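Asker: This is what each chain is made of:
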Amino acid sequence: MDQHMEKIKTMDEADWNSGALTGVKTWKKKDRATKIKVVLKTDGGQDITVDATYGKVAAKFGDQRLRVLKNGDVLAIRLPNHIARPALDVVVNFWRWQQSTGAEKSPEEIKDFAEASVTEVEEEAARLDVYAAANCMVTKGFEDVTPLLRAASQRVADAMTTVSAEQAREYLGLVPDFTEEEEKKLLHDLASADN
Amino acid sequence: MTTAPSQFFLQPSLDDEDDDDNNGDDGDIELNTSASRSSGDVDDFLRKTRAIARDRLRTRIKLLHREISKPLGEIICGHVLHRLPASSLLRLRAVARSWAGVVASPIFAHTQSHTYRSISGVFFRSSSVTSTAYAPFPPAAAHSLPYPGLSFLPAYPVVVLSSSNGLLLCHAPLTGTFFICNPVTAAWTAIPDPPRDPINDPAAVLINLPGVYNFRPDFTVVMVFKVPFIGSDIYGFQIFSSTAGGWWISNELCMERPLPDSGVAAGGVAYWLTSTSSMVRYDPAADKVSYAFLPMLHAARAERSIGEMGCSGRLYCVIVTPEALQVHRFLRESNEWALVESLDVIDTGRSIFEVVDQVDEDEEQEEKEGETWEVKADEDVEQEEKEGEAWEVKAGGQQVFKKQPWPLTFQGGDMEILLLVAGKVVSINLASKRVRVVATTGGFKYVPYTSTLAAVLDVTATTSTSSDGRSKEATSTDRATGGEE
Chain A
1 MDQHMEKIKT MDEADWNSGA LTGVKTWKKK DRATKIKVVL KTDGGQDITV DATYGKVAAK
61 FGDQRLRVLK NGDVLAIRLP NHIARPALDV VVNFWRWQQS TGAEKSPEEI KDFAEASVTE
121 VEEEAARLDV YAAANCMVTK GFEDVTPLLR AASQRVADAM TTVSAEQARE YLGLVPDFTE
181 EEEKKLLHDL ASADN
Chain B
1 MTTAPSQFFL QPSLDDEDDD DNNGDDGDIE LNTSASRSSG DVDDFLRKTR AIARDRLRTR
61 IKLLHREISK PLGEIICGHV LHRLPASSLL RLRAVARSWA GVVASPIFAH TQSHTYRSIS
121 GVFFRSSSVT STAYAPFPPA AAHSLPYPGL SFLPAYPVVV LSSSNGLLLC HAPLTGTFFI
181 CNPVTAAWTA IPDPPRDPIN DPAAVLINLP GVYNFRPDFT VVMVFKVPFI GSDIYGFQIF
241 SSTAGGWWIS NELCMERPLP DSGVAAGGVA YWLTSTSSMV RYDPAADKVS YAFLPMLHAA
301 RAERSIGEMG CSGRLYCVIV TPEALQVHRF LRESNEWALV ESLDVIDTGR SIFEVVDQVD
361 EDEEQEEKEG ETWEVKADED VEQEEKEGEA WEVKAGGQQV FKKQPWPLTF QGGDMEILLL
421 VAGKVVSINL ASKRVRVVAT TGGFKYVPYT STLAAVLDVT ATTSTSSDGR SKEATSTDRA
481 TGGEE
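From first to last, the protein sequence lines are chains A and B.
Here the first sequence is numbered in the UniProt record's numbering, starting from 1 and rising by one per residue.
Here the second sequence is numbered in the UniProt record's numbering, starting from 1 and rising by one per residue.
Just so you know, these hints were derived from the structure itself, not from any lab.
Please read these numbers as outputs of a predicted model, since none were measured by experiment.
C-beta atoms are modelled at their ideal positions from N, C-alpha and C, and glycine is treated no differently.
There could be a bad hint or two in this list.
27 angstroms max Cα-Cα, derived DSSO-like pairs, lysine-lysine [as the list claims (entries may be wrong)]:
#1 A/Lys105 with B/Lys288
#2 B/Lys288 with B/Lys226
#3 A/Lys35 with A/Lys105
#4 A/Lys111 with B/Lys433
#5 B/Lys62 with A/Lys41
#6 B/Lys433 with B/Lys445
#7 A/Lys37 with B/Lys62
Covered by chain B, according to a simulated footprint, are these stretches of chain A (three or more residues, beta-carbon under 8 angstroms) [as the list claims (entries may be wrong)]:
#8 85-97
#9 158-164
#10 167-173
#11 178-187
Work out the full structure: start from the sequences and follow the hints.
Answerer: Right, here's the structure in full:
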């Protein structure tokens, strides 16, 4: 142990990182300002490239590919098949707006822009796609998309206030999986109301 | 350099994970076989640490992939449902078992009660004084109640005195009983009779704060009573607290009569307008009374109401004069008001009563102008026709009420005010300018209501009352009692 400690004390940082002592490579904490390009790969092959900094694309899930990135490197992220390209465009536009001007804007202005981005999408089905895309991007680490996710969630909620259970099931592809007893109780609860 | 050893030996950080690629080369240590035993211990420690970090990384990546690949129904169940009104949730719980399980969860009910804060409708008394009715804002499918007449309560008829974040304070005039209930879930509990007889039309405020950390659904009722001295016009406060389980009487007195219909809770404090155009506030936590003048005190023919808006529990005052409709925010620190919004209700140089005359003379033209109003109103044709009769929008987007609006008490998390116009309750969202209208023909004494799944704490086991101070600590069960179905 003493020999190791002596050796460690005399090593310089480059030797330490190269694993000269034990073969174990250790990485420096990545500079959060490291500029990288992120390529979002969709199923249709129409990829979108966005500029990002390492700190903005959070490495909270320990994606080791991010650790080796240097300035100008490209990181490819594959998105699930159900993410529609038009919805991704909305999310990416919001992300780009956030990167370019978000730091100067107040939370209310960011919220207003997010709501406006969702409102521009006319069809309810398309808004649902935006919600799914925003959720995916936030999960992947693009946390600056969170205001857009919240705005999209609220719009989806507003659209769902009047749908019936059958309509929701049909749209989301869900199958009723109640037992006979549970279904009976549900129907009884709904029927016993004054309305 | 001197920090590297500490990171390496004492703090197995994420940096150690970077060596865990999948090519099988874990960076195994290749040391001279003649290395000392201590070197072997270090290697062993490193190996174990790397294995733990590797497993942790794998778990994280699995969670990430699972999160991204979740079906849309599951994502919506987790992130959207708590933004819906309670009435919609009762309907949507029939979608799937998982959804029913989520809606039935107490944690979900708690989350929904402090997330959904929009005004769903109004309770009001109809022409028969003792009965209560409910009018939901459109869309009715989202805001209607399963028991609008509160028939699940054991006493009937009942009147609604106050509402706070999904709970109602009701009074049965025939029996004199007071109830706390949730009209969506039909859960209710009776609270003990107050120690002092409240004045005929009780001025009472229900305080229910659904905070993020307030898992136990505690509530407070502040009720005014007249101090029983002949000729006196002095009022006191009696408070029921679910935490204490009983009533207690405040040491504070109020020299002005709080108006019963004006009571509202904001930020845990009860507020009333008084008969002398001022405002009295009572803080039950501090047992303190204070007064404040209302804004625009000298404005002629001004009608005022107070209410809570926004997520931070701030009090606002809506003032309607013949010239304008203004919204002021109460600054607690300085006891003053700040103007937040001003809506021009009439054309320049004309009083609102002249507008009414104009409507009578040229109704056809104003109906046409009403069609050009670009607001996010409901698409119900019948509603649009009614809106066109109640107000209009002149060229330039200026909103004009055809009849004098009367400000009502309001309470919610949105920036929303309530006005009474020609027998219709109008809700105006100050941020989005969304307008919702519901007809309440022959109604009076309006109480705004927010549809949530707020739980009702059963306090029937606690009936301790003290006439000269706080009551003894009493136990209460944390379950909601259900009413008759």
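Asker: Between the stretch 158-164 of chain A and chain B, see if three or more residues pass the 8 angstroms beta-carbon test, and mark the coverage as holds or violated.
Answerer: Contact hint for the stretch 158-164 of chain A vs chain B: holds, 5 residues under 8 angstroms.
Asker: A/Lys37 and B/Lys62 were given as a pair; does the straight-line alpha-carbon distance stay at or below 27 angstroms?
Answerer: Holds, at about 25 angstroms.
Asker: Run the distance test for A/Lys35 versus A/Lys105: straight-line Cα separation, threshold 27 angstroms.
Answerer: holds (22 angstroms)
Asker: Tell me if the straight-line CA distance from B/Lys62 to A/Lys41 falls inside 27 angstroms.
Answerer: holds (20 angstroms)
Asker: What's the verdict on B/Lys433 and B/Lys445, does the C-alpha distance respect the 27 angstroms limit or exceed it?
Answerer: With Cα atoms ~25 angstroms apart, B/Lys433 and B/Lys445 stay inside 27 angstroms; holds.
Asker: Taking beta carbons only, do three or more residues of the stretch 85-97 of chain A come closer than 8 angstroms to chain B?
Answerer: Since three or more residues must qualify, the claim that chain B covers the stretch 85-97 of chain A is violated, with 0 doing so at under 8 angstroms.
Asker: So if I understand the rule, the pair passes when the alpha-carbon distance is 27 angstroms or less; does B/Lys288 with B/Lys226 pass?
Answerer: holds (17 angstroms)
Asker: Verify the proposed pairing of A/Lys111 with B/Lys433, using a straight-line Cα cut of 27 angstroms.
Answerer: At roughly 16 angstroms apart (the allowed maximum being 27 angstroms), B/Lys433 and A/Lys111 satisfy the hint.
Asker: Keeping to a limit of 27 angstroms between CA atoms, is the pair of A/Lys105 and B/Lys288 held or broken?
Answerer: violated (40 angstroms)
Asker: If you look at each residue in the stretch 178-187 of chain A, do at least three have a Cβ nearer than 8 angstroms to any Cβ of chain B?
Answerer: holds (count 3)
Asker: Count the residues of the stretch 167-173 of chain A whose CB lies closer than 8 angstroms to any CB of chain B, then report whether that count reaches three.
Answerer: Since three or more residues must qualify, the claim that chain B covers the stretch 167-173 of chain A holds, with 4 doing so at under 8 angstroms.
Checked against the numbered hints above, the structure violates hints 1 and 8; every other hint is satisfied.
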